[in-house]
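Enquirer: Spelled out, the chains give:
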Amino acid sequence: MSNYPAVCHIAEKLRNKELHAARSGREVMQALAALVADSHATDAQALCSEVEGAIDALLVVLPPYAPPLNVIHLVMSRIEEAQANGKTVNELKAVINEDAENYRAWSENARERIASLASALIREGSTVFTFTLSETIIITFRAAVRQGKTFKVLVTESRPNYDGLMTAAQLAQAGICVELSVDASIGKLVPCADIMMVGAEGVMANGSAVCKVGTYPAALVAHTHRVPVYVVVDTMKFDLTSLVGFSLDKDPVQTTDVFAQRHGEGAKVAGHLFDQTPPELIDAIITERGILNPKDCYTLFGSMRFSKRLGAKLQNSTYQKVEKFILKDKNNV
Amino acid sequence: MSNHPVIKTVVERIRTDVIGGAADTAKEVVAALVSLIKDSQAEDTNAFISEVEKAVVDIMRVMQSLAPPINAMHCVLGAMEEAFNQGSSIPEIKSAVKQAADDFSKSIEGALDKVAQYGAEKIRDGDTVFMYSMSSTVWRILRHAKSKGKSFNVVVTESRPANEGLLTITEMQKYDIPVAVSIDACIGELIPQCDVVFVGADAISSHGFALCKVGTYPSALVAHAHGVPFYIAADTLKFDSSTLLGLPFRVDSIRRHEVLGDQKYSDLVKVVGVLFDETPPHLVTAIITEIGLLNPTACFSVMSQMRHSQKLSALLPAWVKNEL
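Line by line, the protein sequences give chains G and H.
Using the numbering used here, you'd call the opening residue of the first sequence number 1 and step up by one each time.
Using the numbering used here, you'd call the opening residue of the second sequence number 334 and step up by one each time.
Bear in mind the hints are in silico, worked out from the structure with no lab data behind them.
Don't take every hint at face value.
What the hints assert, rightly or not - Rough simulated footprint, nothing fancy, chain G against chain H, three-plus residues with beta-carbon under 8 Å: (1) 513-522; (2) 541-552.
Unchecked claim - Computed beta-carbon distance windows for the label pairs: (3) H/GLY354 with G/ASN16: 47 to 55 Å; (4) G/CYS8 with H/ASP600: 44 to 52 Å; (5) H/GLY594 with G/ASN109: 53 to 61 Å; (6) G/ALA37 with H/GLY560: 52 to 60 Å.
We put the beta carbon where it would ideally sit given N, CA and C, even for glycine.
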């Protein structure tokens with residue numbers, strides 16, 4: 001385990017779920033790079049153990065976000081490489097420092113690049129359906145406005161948490177006309193749109209997208225009515241661990257999400273905060289590296305650094321606290 | 334305006350929305366028309382008919398989009414028109430109408446029990462049943478299955494904006510049926526885990542589309558995509574014969590405060606959507622009616638066997654547009 005302050009600090013923030021997915025990727029990279037830079041280790045082996053100790057500490061508290069895990073894959077693969085090729089401590093420090101620099105530069109450019117690609121798909125005078133709240137989508141819409149396009153956005157509440165209402169407020173602030181309804185209205189709203197555009201929590205190896213719950217039925221409606229579905233997401237959200245069979249852990253809907261001072265105590269509350277949209281319902285994934293068919297996302301997965309040792313660690317760790325939600329309660333039946 | 338007190342009463346009761354369900358509204362409308370006809374002092378048939386038609390217009394002016402009372406009026410007026418066209422005397426017409434009204438009331442009584450009985454056959458021991466929103470007809474099916482000793486779980490979602498799904502929880506708990514609840518957005522996760530879906534309908538069109546609480550259509554799409562049987566429980570009173578004339582269903586919009594409450598939002602944010610959506614026939618395994626389980630595309634055959642009034646059919650286009 002690591003005592004390094006930057007690592008302890010970010011572990012605390014992860015434990016408290018203070019960071020969203022993209023941010024936690026950036027911060028984990030920074031913390032590990034700082035640990036490496038400040039390390040007094042005199043040989044590569046000692047530095048490797050220090051970094052691995054920090055990674056172990058982070059894995060205990062890491063929420064199931066793809067970006068920080070991908071960062072850890074990257075750093076861990078550098079360690080494996082250093083050990084296999086007998087690199088010196090300074091060589092290892094240099095390579096990780098360079099990774100951190102690249103990551104910073106990448107994250108500054110990726111969003112602008114995505115917004116430019118995705119906003120090109122919004123036609124003048126068109127209607128766009130989006131689900132819930134996504135920073136990437138908001139940036140995309142703002143980019144389209146800057147290009148002088150007039151368009152309308154349809155969005156629903158996105159219970160629980162009403163993230164859709166925040167989208168409505170932010171878009172209105174940007175001068176965009178918004179039409180808002182309840183989640184149950186997707187059957188009426190989506191067919192009125194020219195395109196559907198959503199962000200994602202993660203993209204899995206088979207090309208499916210893990211998004212806020214309700215995205216899957218909306219995509220099903222879109223597909224049925226021939227409305228193109230675009231998932232707008234940077235490649236750090238491509239979940240490397242899904243290559244080895246892991247699925248993103250999803251938080252369940254809480255009792256208080258359904259019954260805020262309401263009747264009905266005693267009923268079990270079912271469901272999760274995210275659902276999975278299969279690749280056959282997605283027309284394209286828009287990434288900073290280009291627009292691709294979801295079924296082809298392995299091409300991008302294959303170019304990312306994957307650590308076998310991290311894969312093994314995850315298999316043996318408590319990282320996957322899969323609480324399979326089972327509707328059929330045999331004790332009840 | 335009709336001067337008969339029973340017509341005035343039923344118009345007032347419909348206008349103030351104090352009658353429970355659509356079937357009850359149908360019963361009250363039939364009873365009122367029967368009293369009017371019985372008490373009529375008209376001496377020639379034309380005066381008699383125009384008196385009845387005036388009452389029908391009064392009722393329709395206040396009537397929401399409900400198929401059952403419209404069907405009830407089709408039945409009563411249709412019987413009257415048939416007798417009139419045969420050149421019957423006023424007492425003969427009165428007795429024909431009385432007969433039709435009695436038959437109609439009798440058919441309502443038994444219908445829901447039959448729907449419950451047939452629907453319960455589709456629930457197997459150990460099943461997990463998804464139902465959307467609330468429906469007293471689906472509740473009857475579940476109660477009937479329970480009374481037959483079947484054990485099963487029910488899953489329901491809130492059904493925003495009015496959260497009628499939460500009423501299903503209370504109802505299931507009353508009958509000791511285990512129930513789980515979730516938000517509407519979770520249909521994509523929950524329905525594939527269920528064995529069967531039941532929903533109620535507000536109206537069924539002649540070409541087999543079902544008008545149900547908004548959110549039913551996406552649920553049907555999910556069920557279809559995952560091979561989960563999807564049943565609509567609706568007695569034939571819900572078959573909306575105005576759709577035979579190509580008229581649309583009349584539906585209400587979701588209001589701004591139902592989504593935004595009292596919160597201040599920019600005028601650029603509009604609230605849209607309606608309270609009902611339409612589920613197409615190819616997503617529906619069967620409509621469970623009192624005459625049996627029907628493929629929804631068979632609705633036309635059933636409707637064409639129902640009694641129709643020409644006068645009422647002539648009034649419907651204006652009624653649908655709220656211009657009566």
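Enquirer: Are any of the numbered hints broken by this structure? If so, which, sorted upward?
Expert: 5
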